[in-house]
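Residue numbers (UniProt numbering), protein chains in the order written: chain A, 1 to 181; chain B, 1 to 133.
Think of the hints as simulated: they come from the structure by calculation, not from any bench. A couple of the hints might just be wrong.
Derived lysine-lysine pairs resembling BS3-like cross-links, with alpha carbons at most 27 angstroms apart [claimed, not checked]:
{"id": "1", "chain 1": "A", "residue 1": "K126", "chain 2": "B", "residue 2": "K76"}
{"id": "2", "chain 1": "B", "residue 1": "K76", "chain 2": "A", "residue 2": "K122"}
{"id": "3", "chain 1": "A", "residue 1": "K130", "chain 2": "B", "residue 2": "K31"}
{"id": "4", "chain 1": "A", "residue 1": "K130", "chain 2": "B", "residue 2": "K76"}
{"id": "5", "chain 1": "A", "residue 1": "K135", "chain 2": "A", "residue 2": "K122"}
{"id": "6", "chain 1": "B", "residue 1": "K31", "chain 2": "B", "residue 2": "K76"}
{"id": "7", "chain 1": "B", "residue 1": "K76", "chain 2": "A", "residue 2": "K135"}
{"id": "8", "chain 1": "B", "residue 1": "K31", "chain 2": "A", "residue 2": "K126"}
Counterexamples of contact, computed for chain B against chain A with all Cβ distances above 12 angstroms [unchecked claim]:
{"id": "9", "residue": "S6"}
{"id": "10", "residue": "E24"}
{"id": "11", "residue": "Y35"}
{"id": "12", "residue": "P36"}
{"id": "13", "residue": "G56"}
{"id": "14", "residue": "N58"}
{"id": "15", "residue": "Y69"}
{"id": "16", "residue": "A88"}
Some, not all, of what chain A presents toward chain B, calculated at C-beta under 10 angstroms [as the list claims (entries may be wrong)]:
{"id": "17", "residue": "E43"}
{"id": "18", "residue": "A44"}
{"id": "19", "residue": "D45"}
{"id": "20", "residue": "M53"}
{"id": "21", "residue": "Q64"}
{"id": "22", "residue": "T109"}
{"id": "23", "residue": "D121"}
{"id": "24", "residue": "K122"}
{"id": "25", "residue": "L125"}
{"id": "26", "residue": "Y129"}
{"id": "27", "residue": "Q132"}
{"id": "28", "residue": "R134"}
{"id": "29", "residue": "L147"}
{"id": "30", "residue": "G148"}
{"id": "31", "residue": "D151"}
No residue lacks a Cβ here, since even glycine has one placed at the ideal position from N, Cα and C.
Below are the chains, spelled out letter by letter.
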Amino acid sequence: MSSIDLYGLRSHFNRDQILLCFNGPISRSLIEEIGNALRNYLEADRAGPGAAMDVFAIYIELTQNIRHYVSRMGYSDRDGTATVVVARDDRGHYVIMAGNLVEPEDGQTLLERVESLAAMDKAELKAAYKAQLRKPREEGALSGAGLGLTDVARKSVEPLSARLSSMEGDQRVFFSLRAVI
Amino acid sequence: MHTAISDLDVPGTQSTPFISSHWETGELHMKGNSYPENSFEFFGQVFTWIEAYLAGDNGPLTLRLTLIYMNTSSVKAMMDILDLLEEAHEQGRAVEVNWLYDPRNERVMEMAEEFREDYTFPFHIVPTPDEDD
């Protein structure tokens, strides 16, 4: 087993213009603390107030979705690990990515949802958002994720993209989502 | 004569707004960011106060909202509250929302406008430079 190449990791972060990266179990207070750091970075990065709020909003919705899922599934800290990255792309947009372990069938459902959201234009997304707002609470297995995902899709300047990665020695899959501001 | 329930005086936190209500004048003020994990629990106290005020008094109700960022579950909880106002308005009660926002952040205005689309009671969206009140 090789030791961890910290410099290599740092170079990788720098090369990909990663502003913030987190990998580990998340708590409510950790979401808030990382959120504070994110706000400060965005301010230092001279993001406009609107863009900064959109990035922050996407970060909150995605991490809270993960928290709700992990607690509903009763996952351990290790299985409930979230991976979050906020980076800049070559055109100066902010890229927000978040991922976590999910049951294969939930992963499939999420992937289909993301695909259907990605196919909608802004007017359709707004209509879908308003319809979901009016739905009674606790409807459907992934209830919490519904409204949040639609909100993220509305804010993203590119269609949402998602993927499932299979994991060695685990029947679950790693679901990751990408939004752009 | 109905009995008033206690007024709300809830200090703000990083993820929850300050709340203050005045039964005598029929005013409720909320100010700050709102992204608690369990928004329904948090907004429950506001819902309960407004419900009691509308049932227990005949006076006008004014919501002064200086809310900035709201997560989707806060938006949903707020919609439940505004639905109460709409119902009262339809029954002839004087209800009103004044949503104050910092003109430098148009996202807040857009959010307030999306709320307003769904209601018929007086709903004012007012650009207000942030002077700490």
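Here's how the hints hold up against the structure:
Between K126 (chain A) and K76 (chain B) the alpha-carbon distance is near 14 angstroms, which keeps this suggested pair within the 27 angstroms criterion. The hinted pair formed by K76 (chain B) and K122 (chain A) meets the criterion: a straight-line CA distance of about 20 angstroms does not exceed 27 angstroms. Simply put, K130 (chain A) and K31 (chain B) have alpha-carbon atoms about 24 angstroms apart, close enough for the 27 angstroms limit, and the pair holds. For the suggested pair K130 (chain A) and K76 (chain B), the alpha carbons sit about 10 angstroms apart, so the restraint of at most 27 angstroms is met.
For the suggested pair K135 (chain A) and K122 (chain A), the alpha carbons sit about 20 angstroms apart, so the restraint of at most 27 angstroms is met. Taking the CA atoms of K31 (chain B) and K76 (chain B), the gap is near 17 angstroms; set against the 27 angstroms cutoff, the hint holds. The hinted pair formed by K76 (chain B) and K135 (chain A) meets the criterion: a straight-line CA distance of about 10 angstroms does not exceed 27 angstroms. Among the hinted pairs, K31 (chain B) with K126 (chain A) is consistent with the structure: their alpha-carbon atoms are about 26 angstroms apart, no more than 27 angstroms.
Annotated as non-interface, S6 (chain B) keeps its C-beta farther than 12 angstroms from every C-beta of chain A; the closest such distance is 27 angstroms. Non-interface call for E24 (chain B) relative to chain A: holds, since the shortest CB-CB distance, roughly 33 angstroms, exceeds 12 angstroms. Interface exclusion of Y35 (chain B) from chain A breaks down, the closest Cβ pair being 5 angstroms apart, not more than 12 angstroms. Distance check for P36 (chain B) against chain A: the nearest CB is about 8 angstroms away, which does not clear 12 angstroms, and the non-interface claim fails.
For G56 (chain B), the non-interface assignment is confirmed: its Cβ lies about 26 angstroms from the closest Cβ of chain A, beyond the 12 angstroms cut-off. With a cut of 12 angstroms on Cβ distances, N58 (chain B) stays outside the contact zone with chain A, its closest approach being about 30 angstroms. Interface exclusion of Y69 (chain B) from chain A breaks down, the closest Cβ pair being 6 angstroms apart, not more than 12 angstroms. A88 (chain B), annotated as away from the interface, keeps every beta carbon of chain A farther than 12 angstroms; the closest lies near 19 angstroms.
A hinted interface residue such as E43 (chain A) counts as satisfied when its beta carbon comes closer than 10 angstroms to some beta carbon of chain B; here the least separation is about 13 angstroms, so the hint is violated. A cut of 10 angstroms between beta carbons decides the hint on A44 (chain A): the least distance to chain B is about 17 angstroms, and the hint is violated. With its C-beta approaching chain B no nearer than about 17 angstroms, D45 (chain A) sits outside the 10 angstroms limit, and its interface hint is violated. Of the supplied interface hints, the one on M53 (chain A) holds, with its beta-carbon coming within about 5 angstroms of a beta-carbon of chain B, less than 10 angstroms.
At a threshold of 10 angstroms, the smallest CB-CB gap from Q64 (chain A) to chain B is about 6 angstroms, leaving the interface hint in force. At about 19 angstroms, the closest approach between the beta carbon of T109 (chain A) and any beta carbon in chain B exceeds 10 angstroms, and the interface hint on this residue is violated. A hinted interface residue such as D121 (chain A) counts as satisfied when its beta carbon comes closer than 10 angstroms to some beta carbon of chain B; here the least separation is about 17 angstroms, so the hint is violated. The beta carbon of K122 (chain A) comes no nearer than 12 angstroms to any beta carbon in chain B, farther than 10 angstroms, and the hint placing it at the interface is violated.
Hint status for L125 (chain A): violated, given a least beta-carbon distance of 12 angstroms to chain B, over 10 angstroms. Hint status for Y129 (chain A): holds, given a least beta-carbon distance of 9 angstroms to chain B, under 10 angstroms. At a threshold of 10 angstroms, the smallest CB-CB gap from Q132 (chain A) to chain B is about 9 angstroms, leaving the interface hint in force. For R134 (chain A), the suggested interface contact is upheld, since its CB lies about 8 angstroms from the closest CB of chain B, less than 10 angstroms.
Interface restraint check for L147 (chain A): the shortest CB-CB distance to chain B comes to about 4 angstroms, inside 10 angstroms, so the restraint holds. At about 5 angstroms, the closest approach between the beta carbon of G148 (chain A) and any beta carbon in chain B falls short of 10 angstroms, and the interface hint on this residue holds. The interface hint given for D151 (chain A) holds, since its Cβ lies 5 angstroms from the closest Cβ of chain B, which is under the 10 angstroms cut-off.
Checked against the numbered hints listed earlier, the structure breaks hints 11, 12, 15, 17, 18, 19, 22, 23, 24 and 25; every other hint is satisfied.
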